[in-house]
Amino acid sequence: MTMETPPPGEPGDTVDPGIGGSGYTLEDLSDYLDHGRLPANPAIDDNAECQSVLASIERVGALSRDLVAKDAADNPALDESWFGSLFAAISNEAKAGRDIPLSSPDPRTRLSITEGAVRELVRAAGDGVDGALVGRCQLHGDLESPGSGIRVEISISVLLGAPVHEIAATVRQRVYSELLAHTELSVDAVDVTVADVHVVPDLDATDTTGSGA
Amino acid sequence: MTDDELAAAIEVAVRGVAGVATVYSALPPLARSARQLTAGTSTLPLVALARRDGALTVTVNVGVGAPQAPATASAAALAARTVLDAAGAADAEVVVRVSRVHD
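If you read the sequences in order, they're chains A and B. Per the numbering used here, the very first residue in the first sequence carries number 1; after that it's consecutive. Per the numbering used here, the very first residue in the second sequence carries number 1; after that it's consecutive.
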């Protein structure tokens with residue numbers, strides 16, 4: 001793969017630094033994944049934000065990559081614009097963001113977890129629930145003050161025909177458990193909104209709507 | 001011991017901590033590229049050392065696995081501290097940032 005040089009901008013425009021400041025775009029990373037991460041590129045491999053985006057792409061899997069590759073025309077699953085929004089959200093959420101403090105008994109030591117790591121944690125927990133696909137994840141509240149209550153807001157897409165309430169509840173519980181294990185945040189609420197439904201392409205022979213006769 | 005050697009030794013120690021899945025670059029990409037150019041090598045340590053007014057700050061970005069990020073971050077800081085103590089830099093500040101959680 002080659003690193004794309006952003007076209008020169010108009011005076012006053014900023015040059016896109018790429019994901020995590022790496023200079024690589026979402027498409028570059030998708031290509032890198034498609035090539036089995038070979039040849040190894042330290043600028044990507046050593047960059048946490050790039051790795052976060054790669055992990056998200058892998059989780060969404062072949063379905064999304066096909067759509068991102070603009071092969072979605074005959075795909076009845078989630079539409080391309082939804083995936084466009086999804087990957088825009090993934091790229092945005094991968095940014096390191098604020099440092100969320102972790103306690104340390106040693107005054108010479110500062111420990112933290114990045115906001116981006118927490119958002120990825122939330123996204124991975126949600127994507128790990130069968131039938132759920134996380135669309136957007138937002139953290140509300142004062143993340144940098146230990147003990148301040150925060151609220152997590154997640155939108156998900158649910159597999160058509162799957163039990164919506166059960167899936168939303170499972171996502172909420174898993175996200176809460178992951179945050180409890182890996183952060184010291186005081187989580188007031190995990191709000192899950194089912195924003196969409198989707199079907200799996202290889203199930204298209206089955207009429208799951210019940211409308212066929 | 002040069003700063004790069006110290007950073008490399010800390011990186012090795014942190015990688016050896018149970019629960020640390022990987023170490024990420026602590027320098028922003030552009031700063032890292034600039035350092036690679038001036039150092040004439042592409043294999044700089046991923047741990048960043050900064051000296052300001054005689055005070056040393058060591059920054060380590062880690063990806064951690066199970067079971068709990070805070071405990072792993074704390075163990076990583078302790079590993080870094082052990083190397084710093086041996087190098088005579090016991091008063092250095094250690095910053096450990098969890099950049100990813102691998103499940």
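Do not rely on the hints blindly, as some may be mistaken.
[What the hints assert, rightly or not] Computed from the model, here is a short list of chain A residues facing chain B with C-beta under 10 Å:
#1 Ser22
#2 Gly84
#3 Ala88
[To be verified] Derived, one-sided and incomplete: chain B residues facing chain A with beta-carbon distance under 7 Å:
#4 Ala21
#5 Gln36
#6 Thr38
#7 Thr41
#8 Val101
[Stated by the list, open to error] Footprint (simulated), chain A over chain B, 3 or more residues, beta carbon under 8 Å:
#9 6–20
#10 90–100
If you're looking for bench data, these hints aren't it; they were derived computationally from the structure. Idealized CB from N, CA, C, for every residue including glycine.
The hints, checked one at a time:
Interface hint status for Ser22 of chain A: upheld, as the beta-carbon distance to the closest one in chain B is roughly 5 Å, under 10 Å. Interface hint at Gly84 of chain A: violated, since its Cβ lies 24 Å from the closest Cβ of chain B, which is beyond the 10 Å cut-off. Because the smallest distance between the Cβ of Ala88 of chain A and any Cβ of chain B comes to about 20 Å, over 10 Å, the interface hint for this residue is violated. Checking Ala21 of chain B against chain A: minimum C-beta separation of about 10 Å lies over 7 Å; hint violated.
Nearest Cβ of chain A to the Cβ of Gln36 of chain B: about 10 Å, over the 7 Å cut. The hint is violated. This hint is violated: Thr38 of chain B has a C-beta 17 Å from the nearest C-beta of chain A, more than the 7 Å allowed. About 12 Å separates the beta-carbon of Thr41 of chain B from the nearest beta-carbon of chain A, more than 7 Å, and the hint is not met. With 7 Å as the threshold, the beta carbon of Val101 of chain B comes within range of chain A, its nearest partner Cβ sitting at about 5 Å, so the hint holds.
For the segment 6–20 of chain B, the stated coverage by chain A is not satisfied: 0 residues place a CB nearer than 8 Å to a CB of that chain, which falls below the threshold of 3. Coverage of the segment 90–100 of chain B by chain A holds in this model, with 10 residues showing a Cβ closer than 8 Å to a Cβ of that chain against a need of three.
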